[in-house]
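Construct the entire structure; sequences and hints are all you get.
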Amino acid sequence: MKVISEEITMQTNCCNDLVDITDQLKKILASTNLKRGILTIFIVGSTGAITTLEYEPGLIKDMQELYERLAPINKHYHHDDTWGDANGYSHVRASIQGSSLTVPFDDGRMTLGTWQQIVAINFDNKPRRRTIAINIIGE
Amino acid sequence: MKVISEEITMQTNCCNDLVDITDQLKKILASTNLKRGILTIFIVGSTGAITTLEYEPGLIKDMQELYERLAPINKHYHHDDTWGDANGYSHVRASIQGSSLTVPFDDGRMTLGTWQQIVAINFDNKPRRRTIAINIIGE
Amino acid sequence: MKVISEEITMQTNCCNDLVDITDQLKKILASTNLKRGILTIFIVGSTGAITTLEYEPGLIKDMQELYERLAPINKHYHHDDTWGDANGYSHVRASIQGSSLTVPFDDGRMTLGTWQQIVAINFDNKPRRRTIAINIIGE
Numbered sequence: 002m003k004v005i006s007e008e009i010t011m012q013t014n015c016c017n018d019l020v021d022i023t024d025q026l027k028k029i030l031a032s033t034n035l036k037r038g039i040l041t042i043f044i045v046g047s048t049g050a051i052t053t054l055e056y057e058p059g060l061i062k063d064m065q066e067l068y069e070r071l072a073p074i075n076k077h078y079h080h081d082d083t084w085g086d087a088n089g090y091s092h093v094r095a096s097i098q099g100s101s102l103t104v105p106f107d108d109g110r111m112t113l114g115t116w117q118q119i120v121a122i123n124f125d126n127k128p129r130r131r132t133i134a135i136n137i138i139g140e
Numbered sequence: 002m003k004v005i006s007e008e009i010t011m012q013t014n015c016c017n018d019l020v021d022i023t024d025q026l027k028k029i030l031a032s033t034n035l036k037r038g039i040l041t042i043f044i045v046g047s048t049g050a051i052t053t054l055e056y057e058p059g060l061i062k063d064m065q066e067l068y069e070r071l072a073p074i075n076k077h078y079h080h081d082d083t084w085g086d087a088n089g090y091s092h093v094r095a096s097i098q099g100s101s102l103t104v105p106f107d108d109g110r111m112t113l114g115t116w117q118q119i120v121a122i123n124f125d126n127k128p129r130r131r132t133i134a135i136n137i138i139g140e
Numbered sequence: 002m003k004v005i006s007e008e009i010t011m012q013t014n015c016c017n018d019l020v021d022i023t024d025q026l027k028k029i030l031a032s033t034n035l036k037r038g039i040l041t042i043f044i045v046g047s048t049g050a051i052t053t054l055e056y057e058p059g060l061i062k063d064m065q066e067l068y069e070r071l072a073p074i075n076k077h078y079h080h081d082d083t084w085g086d087a088n089g090y091s092h093v094r095a096s097i098q099g100s101s102l103t104v105p106f107d108d109g110r111m112t113l114g115t116w117q118q119i120v121a122i123n124f125d126n127k128p129r130r131r132t133i134a135i136n137i138i139g140e
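Residue numbers (the working numbering), protein chains in the order written: chain A, 2 to 140; chain B, 2 to 140; chain C, 2 to 140.
None of these hints come from the bench; they were simulated from the model. Careful, some of the hints might be misleading.
Heads up, simulated BS3-like pairs for lysine-lysine below, C-alpha to C-alpha not over 27 angstroms straight-line [as the list claims (entries may be wrong)]:
| hint | chain 1 | residue 1 | chain 2 | residue 2 |
| --- | --- | --- | --- | --- |
| 1 | C | K3 | B | K36 |
| 2 | A | K27 | B | K3 |
| 3 | C | K28 | A | K28 |
| 4 | C | K3 | B | K27 |
| 5 | A | K62 | B | K76 |
| 6 | C | K36 | A | K3 |
| 7 | C | K62 | A | K127 |
| 8 | C | K76 | B | K3 |
| 9 | C | K36 | B | K36 |
| 10 | B | K3 | C | K36 |
| 11 | C | K27 | A | K3 |
| 12 | B | K36 | C | K28 |
| 13 | B | K27 | A | K36 |
| 14 | C | K76 | A | K36 |
| 15 | A | K3 | C | K3 |
| 16 | C | K27 | B | K62 |
| 17 | C | K28 | B | K62 |
| 18 | C | K62 | A | K76 |
| 19 | B | K3 | A | K28 |
| 20 | B | K3 | A | K3 |
| 21 | A | K36 | B | K28 |
| 22 | C | K36 | A | K27 |
| 23 | C | K28 | C | K76 |
| 24 | A | K3 | A | K27 |
| 25 | A | K3 | C | K28 |
| 26 | B | K76 | C | K76 |
Derived CB-CB ranges, DEER-like [what the hints assert, rightly or not]:
| hint | chain 1 | residue 1 | chain 2 | residue 2 | range |
| --- | --- | --- | --- | --- | --- |
| 27 | C | P58 | A | R130 | 25 to 31 angstroms |
| 28 | C | T115 | A | N14 | 20 to 26 angstroms |
| 29 | C | R130 | A | P73 | 46 to 52 angstroms |
| 30 | A | N14 | C | W116 | 18 to 24 angstroms |
| 31 | C | P58 | A | N14 | 27 to 33 angstroms |
| 32 | A | R70 | C | G85 | 29 to 35 angstroms |
| 33 | C | K76 | A | P73 | 17 to 23 angstroms |
| 34 | A | W84 | C | I74 | 24 to 30 angstroms |
| 35 | A | E140 | B | P73 | 44 to 50 angstroms |
Just so you know, even glycine gets a beta-carbon here, dropped at the ideal spot from N, CA and C.
Structure below.
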C-alpha cells in the first residue's frame with residue numbers, strides 16, 4: 002500500500018471556466034503503477050470547484066446557466082461589502098458545487114464512464130493560476 | 002491495511018429514480034471483516050449521482066421537486082442541440098448533486114445517522130442499468 | 002500507513018448554523034504525526050452538511066440566502082406530511098450540499114487555501130448537538 006501526493010497547476014480564465022483535467026489525472030495515476038485504490042482531487046482556494054461532467058460545449062454552457070440561476074453575477078452579495086472584491090457570486094457557486102472529489106481505480110484505471118470527465122472550475126472574477134491537490138492511496 | 006474493489010449493478014427507472022443502496026453497502030462492508038477505514042461510492046456515468054438522504058416517500062418527492070427547480074425538464078438545454086438525446090437536464094442535475102461520496106467506518110460500521118441513507122440517483126431520461134464502483138480502504 | 006478514527010461533537014444553533022471546524026481538524030491531524038494522506042470529514046445525520054467556504058460574516062449570509070432560494074423555509078414539503086416535524090427544508094438543503102468532504106494533506110498540513118475553511122452546517126429547525134466523524138489515512 003502506498004500514499005502519493007501530486008499537484009496540478011494551470012492557468013484558468015475568468016468567471017466560469019470549466020477545464021477538463023481527466024487526461025492529466027490519468028497520466029499521474031499511470032505513473033504510480035498502482036492498480037487498486039482511490040484518487041482524491043481537491044481544488045485549493047475558495048472560488049474553485051471540482052465535479053464530473055460530460056465535457057462538451059453544450060453542457061458547459063448549460064452548467065454556466067445553472068450557476069447563473071443559483072448565484073447571479075448581478076445580485077448583491079454581502080461578501081462584496083466585506084472586501085469589495087466583487088466576487089461574492091464566485092464563492093457561493095464554489096461552495097455549493099464542492100471542492101473535492103474521490104474516484105476509485107481498479108486494474109490501474111479510474112472507474113469513470115465513457116463520457117464522464119473530471120472537471121475543475123474557476124469561478125473567480127479574474128483569470129487565476131489554480132492549484133489542484135491530488136492524493137492517491139492504493140496498491 | 003487492505004484495499005478492496007467492489008461493484009453494485011442495478012436496474013433503475015427513468016428520470017429521477019432515487020434508490021437506497023445502504024443495505025447493499027453494509028453487506029459489502031461486513032464481508033470484508035475490516036473494522037476501521039473509509040468506503041468510497043462512485044456512480045459510473047454522467048447522468049447519475051450519489052447523496053445521503055432520509056429515505057422516505059415524502060423526501061424523495063421533495064428532492065425531485067428541488068431538481069426540477071434547479072434544472073427543469075422542459076427548459077431548453079444546449080446539450081440537446083449537440084446530441085439530440087433530450088437529457089440535458091439529467092446531466093446538469095447529476096453534476097450539481099455530485100457523483101462521489103466517502104463515508105468513514107469504525108467498529109465495522111459506517112458512521113451513518115439512524116435516518117441517514119446512502120442513495121444512488123438515475124437522472125437519465127430512460128431506465129438504465131447502472132454501475133456503482135465501491136472502494137474500501139481500512140484495517 | 003495508519004488509519005485513525007476521530008470524532009468532533011459540538012452544540013450548534015437552529016436552521017442554518019455554519020460552524021468553522023478547521024482549527025479542530027488541524028489539531029486532530031497534528032496529533033496523529035502523519036505527514037501524507039487524506040482526511041475525510043462526514044457529518045452524522047440527515048439535516049447536516051459539510052463544505053468549504055471563506056468563513057466571514059458576509060459570505061455566511063450569502064450562503065444562507067442561497068439555501069433559502071434553493072429550498073425556502075415557508076414552502077410546503079411532503080416530508081412534513083410524513084412526520085410533521087416541519088424540517089423538510091433542512092433535509093433538502095443538506096442533501097444538495099452534501100455530507101462528506103475529503104481533503105489531502107502533505108508535510109502534515111491540509112492542502113487548504115489561505116481563505117478556505119472547512120465548515121459544518123446544521124440545517125435542522127432546532128439547536129442540535131452534532132457529531133462529525135473523522136477518518137485519517139496516511140503515513
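Worksheet item: Between K62 (chain C) and K127 (chain A), does the CA-CA distance stay at or below 27 angstroms?
Response: Roughly 23 angstroms between the alpha carbons, so the hint for K62 (chain C) and K127 (chain A) holds.
Worksheet item: Taking only the CA atoms, is the gap from K27 (chain C) to K62 (chain B) under or equal to 27 angstroms?
Response: violated (39 angstroms)
Item to complete: For E140 (chain A) and P73 (chain B), compare the CB-CB distance with the range 44 to 50 angstroms and indicate the outcome.
Response: holds (45 angstroms)
Practice prompt. Using the beta carbons of N14 (chain A) and W116 (chain C), state whether their distance is inside 18 to 24 angstroms or not.
Written response: Between N14 (chain A) and W116 (chain C), where Cβ atoms are some 21 angstroms apart, the hint holds.
Practice prompt. Could you check the hint for me, namely that R70 (chain A) and G85 (chain C) are 29 to 35 angstroms apart, CB to CB?
Written response: Check passed, 32 angstroms falls within 29 to 35 angstroms.
Discussion item. Against the 27 angstroms threshold, does the CA-CA distance of K28 (chain C) and K62 (chain B) hold or violate the hint?
Written reply: violated (41 angstroms)
Fill in: Pair hint K27 (chain B) and K36 (chain A), alpha-carbon separation not exceeding 27 angstroms
Holds, because 25 angstroms separates the two Cα atoms, which is no more than 27 angstroms.
Item to complete: Mind checking the hinted window 46 to 52 angstroms against the Cβ distance between R130 (chain C) and P73 (chain A)?
Response: Roughly 37 angstroms apart at Cβ, these two residues miss the hinted range, so it is violated.
Worksheet item: Holds or violated: are the alpha carbons of K3 (chain A) and K28 (chain C) at most 27 angstroms from each other?
Response: With a Cα-Cα distance of about 24 angstroms, the restraint between K3 (chain A) and K28 (chain C) holds, given a limit of 27 angstroms.
Worksheet item: Quick one, are K28 (chain C) and K76 (chain C) close enough, alpha carbons at most 27 angstroms?
Response: Distance ~41 angstroms between K28 (chain C) and K76 (chain C) Cα, so the pair is violated.
Worksheet item: Does the alpha-carbon distance linking K36 (chain A) and K28 (chain B) stay inside the 27 angstroms limit?
Response: holds (24 angstroms)
Worksheet item: Taking only the CA atoms, is the gap from K36 (chain B) to K28 (chain C) under or equal to 27 angstroms?
Response: holds (24 angstroms)
Checked against the numbered hints given earlier, the structure breaks hints 3, 8, 14, 16, 17, 23, 29 and satisfies all the rest.
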